[in-house]
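Trainee: Work out the full structure: start from the sequences and follow the hints.
FYI, in our numbering the residues of the sequence shown are 1 to 96.
The set of hints was computed from the structure by calculation and includes no laboratory data.
Glycine included, C-beta positions come from ideal geometry on N, C-alpha and C.
It is possible that part of the hints are untrue.
Unchecked claim - Here are the simulated DMTMM-like pairs of lysine to aspartate or glutamate, each with C-alpha atoms no more than 25 Å apart in a straight line:
#1 K4 with D45
#2 K4 with D76
#3 K4 with E37
#4 K4 with E49
#5 K36 with E5
#6 K83 with E33
#7 K36 with E49
#8 K4 with D48
#9 K83 with D48
#10 K4 with E33
#11 K83 with D45
#12 K36 with D48
#13 K83 with E49
#14 K36 with D92
#15 K36 with D76
What the hints assert, rightly or not - Distance ranges between label pairs, derived from CB positions:
#16 N85 with G12: 31 to 37 Å
#17 G77 with S47: 15 to 21 Å
#18 L88 with Q11: 19 to 25 Å
#19 G39 with D92: 17 to 23 Å
#20 N91 with R21: 15 to 21 Å
#21 N91 with E49: 15 to 21 Å
#22 M1 with E37: 14 to 20 Å
#23 G77 with E49: 16 to 22 Å
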Amino acid sequence: MSIKESARIAQGNNFMGLICRSSLLNVVPALVETIKELGLVLVADTSDEVEPPTQKELSTNANTMGVADWAYRMPDGVNGVMKANGILRFNDMIDM
Numbered sequence: 001m002s003i004k005e006s007a008r009i010a011q012g013n014n015f016m017g018l019i020c021r022s023s024l025l026n027v028v029p030a031l032v033e034t035i036k037e038l039g040l041v042l043v044a045d046t047s048d049e050v051e052p053p054t055q056k057e058l059s060t061n062a063n064t065m066g067v068a069d070w071a072y073r074m075p076d077g078v079n080g081v082m083k084a085n086g087i088l089r090f091n092d093m094i095d096m
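Mentor: Shown next as structure tokens:
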């Protein structure tokens with residue numbers, strides 16, 4: 001089943017929204033707009049992502065190749081984030 005089909009089913013069954021992997025939203029940013037157009041809340045699941053290194057770790061590490069792994073920006077339109085510890089954090093305001 002595709003994400004678009006899942007979004008249509010969620011809308012048809014009066015679900016609040018969808019949770020999608022943040023890596024998927026990063027690769028296909030058009031999904032954000034598709035889900036938002038259906039009036040659904042969108043939560044990005046970041047549970048499989050590596051925590052960003054501390055400033056001390058960055059200064060001691062001369063190799064900057066790993067910086068791109070954690071320097072990820074959440075796409076516009078995402079209403080909340082699910083962390084690896086199971087905490088779901090919504091933005092201050094959700095526009096429908």
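Trainee: Confirm or reject each hint.
Mentor: Right, here's what the structure says about each hint:
The hinted pair formed by K4 and D45 meets the criterion: a straight-line CA distance of about 17 Å does not exceed 25 Å. At most 25 Å may separate the alpha-carbon atoms for a hinted pair to count; K4 and D76 meet this at roughly 18 Å. The suggested pairing of K4 with E37 holds, with an alpha-carbon distance near 11 Å, which does not exceed 25 Å. Among the hinted pairs, K4 with E49 is consistent with the structure: their alpha-carbon atoms are about 24 Å apart, no more than 25 Å.
Only pairs whose Cα atoms come within 25 Å are accepted, and K36 paired with E5 is accepted, the gap being roughly 14 Å. The suggested pairing of K83 with E33 holds, with an alpha-carbon distance near 22 Å, which does not exceed 25 Å. About 24 Å separates the Cα atoms of K36 and E49, which keeps this hinted pair within 25 Å; it holds. For the hint linking K4 to D48, the alpha-carbon distance of about 22 Å falls within 25 Å, and the restraint holds.
Of the pairs offered as hints, the one joining K83 and D48 holds, with about 9 Å between alpha carbons and a cut-off of 25 Å not exceeded. Our distance criterion of 25 Å between C-alpha atoms is met by K4 and E33, whose separation comes to about 11 Å. Among the hinted pairs, K83 with D45 is consistent with the structure: their alpha-carbon atoms are about 7 Å apart, no more than 25 Å. Taking the CA atoms of K36 and D48, the gap is near 24 Å; set against the 25 Å cutoff, the hint holds.
For the hint pairing K83 with E49, the CA-to-CA distance comes to about 9 Å; that is within 25 Å, so the pair holds. Between K36 and D92, the direct Cα distance comes to roughly 17 Å. Compliance with the 25 Å bound is thereby established for this hinted pair. Distance check on the hinted pair: K36 and D76 sit about 11 Å apart at the alpha-carbon level, within 25 Å; holds. For N85 and G12, the hinted distance range of 31 to 37 Å is satisfied, since their beta carbons lie about 32 Å from each other.
Remark: the range hint 15 to 21 Å for G77 to S47 is upheld by a beta-carbon distance near 20 Å. A hinted range of 19 to 25 Å for the beta carbons of L88 and Q11 is consistent with their spacing of about 20 Å. With their beta carbons about 19 Å apart, G39 and D92 fall inside the hinted range of 17 to 23 Å. As the Cβ distance of N91 to R21 is approximately 18 Å, the hint placing it in 15 to 21 Å holds.
At roughly 18 Å, the beta-carbon separation of N91 and E49 lies within the given 15 to 21 Å, and the hint holds. In this structure the hint that M1 and E37 lie 14 to 20 Å apart at CB holds, the actual value being about 19 Å. A beta carbon spacing of about 19 Å between G77 and E49 agrees with the range 16 to 22 Å that was offered as a hint.
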